[in-house]
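Undergrad: Listed below, chain by chain, are the residues.
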Amino acid sequence: MATNNELIRVVDVVKEYNKGEVKALNGCSLTVNRGEVVAIVGSSGSGKSTMLRCLNMLEVPTSGHIYFDGVDLADKNVDINLHRRKMGMVFQHFNLFPHKTVMQNIMLAPVHLKLKTKAEARAKGEELLKRIGLLEKANEYPNMLSGGQKQRIAIVRALAMEPEVMLFDEPTSALDPEMVNEVLDLMRDLAKAGMTMVVVTHEMGFAREVADRVIFMDGGQILESNTPEKLFDHPQNPRLKDFLSKVL
Amino acid sequence: MWWSNLFKNLSPASFFNFSFLPKYGSYFWKGIAYTLLLAVVSVLLAIIPALLLAMMRLSKNKVVKGLSGAYIAVFRSTPLLVQLSIIYFGLFGAVSIPRITVLGFVDISRFIPGVVALALNSSAYVAEIFRGGILAVDIGQTEASRSLGLNAWSTMRLVVLPQAIKNVLPALANEIITMVKESSICSMLGMVELMFAAKTVASTTYISLGPYVVAAVIYFCINYPASKGIEAIERRMRRGDKQ
Chain B
2 MATNNELIRV VDVVKEYNKG EVKALNGCSL TVNRGEVVAI VGSSGSGKST MLRCLNMLEV
62 PTSGHIYFDG VDLADKNVDI NLHRRKMGMV FQHFNLFPHK TVMQNIMLAP VHLKLKTKAE
122 ARAKGEELLK RIGLLEKANE YPNMLSGGQK QRIAIVRALA MEPEVMLFDE PTSALDPEMV
182 NEVLDLMRDL AKAGMTMVVV THEMGFAREV ADRVIFMDGG QILESNTPEK LFDHPQNPRL
242 KDFLSKVL
Chain P
347 MWWSNLFKNL SPASFFNFSF LPKYGSYFWK GIAYTLLLAV VSVLLAIIPA LLLAMMRLSK
407 NKVVKGLSGA YIAVFRSTPL LVQLSIIYFG LFGAVSIPRI TVLGFVDISR FIPGVVALAL
467 NSSAYVAEIF RGGILAVDIG QTEASRSLGL NAWSTMRLVV LPQAIKNVLP ALANEIITMV
527 KESSICSMLG MVELMFAAKT VASTTYISLG PYVVAAVIYF CINYPASKGI EAIERRMRRG
587 DKQ
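For the protein sequence lines, the chains are B and P, in the order given. With the working numbering as the guide, the letters of the first sequence map in order to residues 2 to 249. With the working numbering as the guide, the letters of the second sequence map in order to residues 347 to 589.
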């Protein structure tokens, strides 16, 4: 395996809730290479969001290892805050900070963590906002924005940290249908620019078009992992066939 | 004054006997000032310990959580008068505070023990207010902040608390109103607040009811408009959130 190209390696991750009563993840392993776009699909409750949230330890796995750049994040002696800086995350419900303006949302982490001076962070914020055409919203508060605008700003907030990978947790699921495309377009641009991305999504068209690899999860397990063409056109696993017959 | 005649033929026990007012009105004014001072200062003093207690209560560490829980339980489950007496005679019986009078009517040797007792009591209630306010902030806010690499304390300070404090301001103002009423108990220990003024006037003039009626009217005139005002502010804040 091309190890120096590998950014994330997940080994045998198990996540249990209520002392083992609920098994959200049941021995998952996967790798993500630099520059790769991986889409994770599956029905609700399949464990795909839990999988994604384990990647930056928002969920702490019950057992298993998550190597990011060669460091095992599941090791209790690792300072997870240092590694999270390099992993941007975008949530279903945007989670912009409502008491801060758009620009303050973007500048908060880089400035507070002393990665950038205020002037540098502002310049970077302006550049990113200009790129998504929302520079004029810099001094507005998030509750004045549409859902699509909020999500694009949430993406920009994560990008301002100059992460090595972007994790997307159903980024378009909470959007009105007419706003889905503006967010997907931005994600498509990111992918083209070479950003490493892991995307949990219900947008099969997007997964097929943008992803280098699609992972199908069900019952807390990875049942199939393949190129989009093979996974969508020639599914092997019966549960994947069943899932595709319902969503396509 | 022309209206002093109105009270001439009333019995000292009459509900409407206010003949003491011209002569003793100043007692009530000072009482009002002392009461407001007690209430506001004790709630302000309670804010920092309450914030600490609230965060301890939300901690994952069982010892820290238990300590805070015990403090809150003790202060919420015993009468204020008992707490006040223990702190006044116990704690401040051992430490002597010089009898210095500030602002012309506040003897700090009595005021400080009183305000400390009220603040300790109030911090237990305010802690619960803060805890509710912190829990009301969506967990997604914490997750977003942590995912950007901020640690737990920075997340609390920069993201969660600013939103929580805005949520709890009305409840905090209500706590001051509660304190305006509760501080009447300090009269038992000789603090010259509003209730003490009423008692003094009643025992000096032998008019047994009127002074207390006046005190009640004053308490009402402070607290009722204040609580209505807070309600109005709360309504406006909620409208602001919806936008």
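Treat the hints as calculated values from the structure; they're not laboratory data. Just so you know, even glycine gets a beta-carbon here, dropped at the ideal spot from N, CA and C. Some hints could be false.
A short list of chain P residues far from chain B (calculated; beta carbon distances all over 10 Å) [said to hold, decoys possible]: (1) Ser365; (2) Arg492; (3) Glu528.
Listed below are the simulated BS3-like cross-link pairs for lysine-lysine, each with C-alpha atoms no more than 27 Å apart in a straight line [what the hints assert, rightly or not]: (4) B/Lys20 to P/Lys406; (5) P/Lys408 to B/Lys77; (6) P/Lys411 to B/Lys77; (7) P/Lys406 to P/Lys574; (8) B/Lys138 to B/Lys125; (9) B/Lys24 to P/Lys512; (10) P/Lys527 to B/Lys101.
Undergrad: Each of the hints needs a verdict: does it hold here or not?
TA: So, going through the hints one by one against the coordinates:
no.: 1; hint: Ser365; in the structure: holds (56 Å)
no.: 2; hint: Arg492; in the structure: violated (7 Å)
no.: 3; hint: Glu528; in the structure: holds (32 Å)
no.: 4; hint: B/Lys20 to P/Lys406; in the structure: holds (17 Å)
no.: 5; hint: P/Lys408 to B/Lys77; in the structure: holds (20 Å)
no.: 6; hint: P/Lys411 to B/Lys77; in the structure: holds (23 Å)
no.: 7; hint: P/Lys406 to P/Lys574; in the structure: violated (38 Å)
no.: 8; hint: B/Lys138 to B/Lys125; in the structure: holds (15 Å)
no.: 9; hint: B/Lys24 to P/Lys512; in the structure: violated (38 Å)
no.: 10; hint: P/Lys527 to B/Lys101; in the structure: violated (38 Å)
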